[in-house]
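Enquirer: Here is what each chain is made of, one letter per residue.
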Amino acid sequence: MLGKIFFLLCLSSTLAEQRCTPDASDGYKVRLSIRTALGDQAYDWNENELFLFRATLAFAMRNHINRQEFDVSNIIVCDETPRVSFWFVVTTPLNTSNLVDKENVEEAIRKSRKRINSAFLLTDKTLEFLGIPPTLAAPVNPNTPPWLIVFGVVMGAVGAGIIVLLVSSVFQKKRKTAEETVDEDIEEETRVKTVENGTANEGVYNMTFSEDERFTQM
Amino acid sequence: MRLVLPNPGLDLRIYNHEDLERLEKEQAGDRLKWDNKAQYILTCVGFCIGIGNVWRFPYLCQSHGGGAFLIPYLILLMLEGMPLLLMEFAIGQRLRKGSVGVWRAINPYLTGIGVASMLVSFLVGLYYNTLIAWIMWYFFNSFQDPLPWSQCPLNDNGTGFVPECQQSSTVDYYFYRVTLNSSASISDSGGIHWPIVVSLLTAWTVICICYIRGISTSGKVLYVTAILPYIVLAIFLIRGLTLKGALSGIKFLFTPDVAELIKPTTWMDAGAQVFYAFGLAWGGLISFSSYNPVHNNCMQDAVILSAITGFTSIYAATVTYSIIGFRATEKYDNCISENIMTLLNAFDLPEDNITTNNYEAAFNHLNSSYPGIVLGLDIKTCDLQKLLSEGVEGTGLAFIVFTEAITKMPGSPAWSVLFFIMLLCLGISTLFGNIEGVVVPLRDLNMFPKKWPQEALTGTTCVIAFIISLLFALHSGLYWVTLFDSFAGSIPLLAIGFFEMIAVVYIYGIDRFNEDLEFMIGHKPSIFWQVSWRFISPLIVLVILVFYLVTQAQEELTYLVWDPNSEEFPALASVPYPSWINAVIFLLAGIPSLAMPVYALYRLVFVCCRKKSNPGKN
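Those protein sequences? They're chains A and B, same order as listed. Heads up, the first sequence is in our numbering, so the first residue is 42 and it goes up one at a time. Heads up, the second sequence is in our numbering, so the first residue is 7 and it goes up one at a time.
No lab work stands behind these hints: they were computed from the structure. Any given hint could turn out to be false.
In the DSSO-like style, the derived pairs of lysine-lysine whose C-alpha atoms are separated by at most 30 Å in a straight line are [what the hints assert, rightly or not]: (1) A:K155 to A:K166; (2) B:K31 to A:K166; (3) A:K214 to B:K226; (4) A:K215 to B:K31; (5) A:K217 to B:K456.
Bound conformation, chain B alone (with noise of 0.2 Å):
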């Protein structure tokens, strides 16, 4: 007896088996297709793989008990994953539309899943994008020696550097300053910075060339794309490995807690961490699989997506905290330094009596003999493992640690394009997924004329795009951004997902499901397919779900800000959000995850109106 929603008219709306096995002799329509296998792998690879394996996987890692958090992400990378992972790879390459039409196939009124989709891969695509702008103006200005990044510019009278630039380090003050020029609060808007609005622009023109013809062009961009990061990635372990300190990140990654398995946020924070690495609900798998043919076997698909998904996000954190454990290495020897050398001038004491070595053993010698002179000095503590754990995720991984890191290597500004190349491929090919989402749906709902041809389409779409993302541009932006980050692409997608797996399993049906799959692969999927798409994954996503809503209502919402004349300088001040900025949220959070309840009764709303309007008719 299997759950399943009444659903009359679902075989007029989609192709049946017959009609499927028929298309693919004839390749009839005009659907885009893959070149071969290899790239439509690379596609879904390049699309999951993202930045946030760089720089939030390694945090989230390191922070939640190191070696162990391995353990929940692995299993619920199985349980949540790989199950969501193939239901839409399955649907897409059955229904052969894109996020909209296939929801609209499977029942008219879920429609609104497929816009919920196309609204939350806008809104994500246009933060990222300002991400890669960013990254890109950085790449911009790795191409000179010494890096722009590691001096300060001086005064006005010349003997000292700008205040906010000694206070802090060059490479906050670039970034913050020269690059952002970030006000101290998003209500303060300030005007446009012009290098951030030139990156954009590169940015979505970059975009728009790579993705004009749809897959056809985007799919060749990829093999270089998809392939770099890696190639990048490998480069820098070995380069990492060799700098002295990269062992003591690696440890201080994988070094296990197991007292964190037991903490609840753990296992959310792996859970939300799985569902938005696999680019789960975005639209974008969905619309790749309908260009796959019929029997292709999507089951083998998702299991291989898994494991390179988990496999890289282990292999990237290894390589960032290795140098990460190289830069806190480097600034502990120079506290210690600086502090010997306070030391020796204060007592004249000849340079080679306190070395690295006797620090420990001379620095409690003098104190216990002269204890007010060695207060008076204000010897600053250097602490090892409170430098490895600063500032290591998101932006001020890339933009901060890391461009610190290089400039203490030899042969900088070669590290930073290197690093910076890699970011802009791993962004780039997600954001190819992320258009895909959008430019599909647009298409699907009618939005443009039909004879608009692709070119047309993704144009129009990116420089709509980039016309809104100018709001990135303004001194405020670097709030913004974080604040579409936090709430633009978190509640509304696990949402959908939930919707999405409760749309398939009880309104398509789950054996109709198996039936198609057996159909497509040759085989019914196993019984754990079966328990994991009908109970286990919902279930996982539902709760995660509820915890965040639970989470976000209960606390007060504040972020950091860049304030020079905050007491906290240099460290980022937290300040509550102004008022006006919940009416914001609910546009971002609110909007995509309303968006399913709200275009149901519209349709509702519209075929009660028609049947009134045509009595007469069925």
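Isolated chain A (complex conformation) (with noise of 0.2 Å):
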């Protein structure tokens, strides 16, 4: 009894690995970079990083389809590598001899991405599935366009110096009328003068005229 009941196991068990093969249907490939991903930290894949792996997928299976309880042991690995790579399938909790099918292996790997990544501290990039492609992060789009912000800065810089601009004029107007009005008093002073003087200044040379001329005679 006992030896038919060890025979059946092993016999399950073994048609179960053949179902895992390389290019198997229902079947994925994972191939780990962990070297690349952690340098000096790697740790080294063996065989409680496998253990790890299986659980991980296993927990993926449970969280996606809720009813069935996935265990360690339906998680089948075949043709590991040295380069760290294996195929895997996963087999129904209920019939050992059944797999769950290419679809929903898929979806429950694209459910858990980050918790599987996270378990093995690595990124999409480094622990790949192939034939499952990872959604990619959307690129950051901030409510307000930090160019707009700046912008409004410069053009409110600009408008404070057309504000000091005009200000500065006013004030330089207002000096100049004041000025004006205290140089004709002196003006008029030196006029009383010069009549005294006669004919002592003939006065500059007064240059503005020649700057006026535009056609200067050939």
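Join these two chains into a complex; the hints should help.
Expert: Here's what the structure looks like:
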């Protein structure tokens, strides 16, 4: 009796393992690039890590298909290479000779991708499931475009400059009119004096007219 | 025996030396003047050192034989640049007028030279400010992390990137699609692209405000915009030298290739670069010198300015190529890593088997053992030299190569802000000289009512220029800028420069010019200056001009387009210009060049008509 049970168990497991082959129709290839991701702090890939992988995948399957309780034994791994890549298939917990179909496995992995990655301290790029492209992170798009803020600052500075300009030109005009009235008083006095002095100062050579000539005589 | 063309009435049109002394003592006239000598030197330095020093000279230097290019550049700097520079300084300081006024004073028939300078300054100013608008757009967008040109937008179902971005790169996509939204040809105008309009508005407003009262406002702004680029270049130099691969870039730049010196194109390009780098023939330098005191030592200024320009060109080239070296090394390393990963994945080898050190050996071994598989893998060849010589001039350098390099540096937003502020300062300080070369001649030609203040002049010019430069906000704007760059600023400037020298040496008279210099600075210019003014510099400029005309006339005119549907995408496709472009080119290059003879003819006709209608008068 015990022997028969033992024989049946061995048979079912070998049958299931026969379903896990490279290029299996319901399996996926996994590739890990631990040294690329972690450099000096890379861990070695061994049986324990493989066990963790199977456990994580069982967790992902449980999350996806609620009613069924997947176990580590439902994840079958084969064709391991020194690259650290292997194939796996997932069997249903109720009947270990049936495989869970590709779409379900893909969905399950997609849902829990982040958790699987973080269990191994890897990223989408370094823990690859060949055939399941990762959903890309959307580019960061803030609500107010930052360029608008800087543009506003610059235009504000320009506006302040315009106001300073206008105010200073108004001030200059006021000062000029004040000075002109003072100058006029002084001029009246000097004019009286020059009339007295007569021809003493013939006047300064006035250069302003030569600037205005547009066409000089040939 | 000096060859001087007859020029009657010259003494009536210009101040003589006694008048100049008297003007100096009385500080008469409403002409502006510099606050101090430093402001004048900084303005000239700012005008001469422009964006071209960062993105044109390094490319020329590297493509024409690296360190060997410095030989023709420095020789032509001394034989062509310095004499012309001193001539413009001296004539402006002596005659105390802007460019139109100076040529009109020498001989009214020569006013066309001033008009041509003004037209060229205006056309160049239009497209130059568009470049500044693009830089401003990038500057506005640098205040965020991550930088917007480091990401591709996702396509509709979120599984991949937009195909245009996927095939080219994030920086290419950001420049050609997001910033410019460029169409596929110059005839295809598309609509107006609003980000560019906003940037253009900002650029023109900033320039207008800074220059609103002429040099009294712009002179103060220049303290910042002329000095800041040097500081930023120093920061980038220190940062650049600490990056991996910087030295390979600098080595690539300066490795001399003496064989290039024999080619005439090297000397032509060096001469043209010296000419444009000094801002000669734009009229701005004449204007700036006219605000100087009469006894300012302009010879010293010319020598100092030449030295500063030469030094800055080499300095900027070093910084630029250290960053380019860094980017090229990054790309090369990425290429090698990708190849290693491909090989490891294909042969299922453990990760440590192939590293960057033994890549070559491992690749050869695998290739010889399993040639079929290796061939099917489509391994890319990684060539560092090719990466170093990629797209490294003009807008490609600033907006694509440099922005990409900056995204790879830690703390990218800060570096991006610094870089674009430096470019902004370089551009704005050059634009002041440009606007000076437009506004002052317009005033001298009495195009504006006399009672308008300086503010109104500057404002009107800027508004008109803004409206015209909306042409560059179209989807085909990039191609218009390239067109203007190639034709508006090259041939007319050379022609004007040549005629300037002929006018001063043979119409004003080299003897009179020497006496003026003796009056102004106290000693006659040495034999070097005499020979170069009379023969060497005009000859060099004439040779370059003829060479340019001949090469342009022979080639079929093509331009580079960003066309996602072309076969060479993501490389720019070379497409011939449509036929109506020839009319535009004639307008851009021909009208300023022809302004000189046309004006002389017009004046001849006018004077003849006046003589005929007044036969009694002299």
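Enquirer: Each hint should be assessed against the structure and marked as holding or not.
Expert: Now for the hints, and whether the structure bears them out:
1. A:K155 to A:K166: 12 Å, holds
2. B:K31 to A:K166: Answer violated: B:K31 to A:K166 is near 78 Å, above 30 Å.
3. A:K214 to B:K226: Status holds; Cα separation ~22 Å.
4. A:K215 to B:K31: Between A:K215 and B:K31 the Cα gap is close to 29 Å, so the pair holds against 30 Å.
5. A:K217 to B:K456: 20 Å, holds
Of the numbered hints given earlier, the model fails hint 2 alone.
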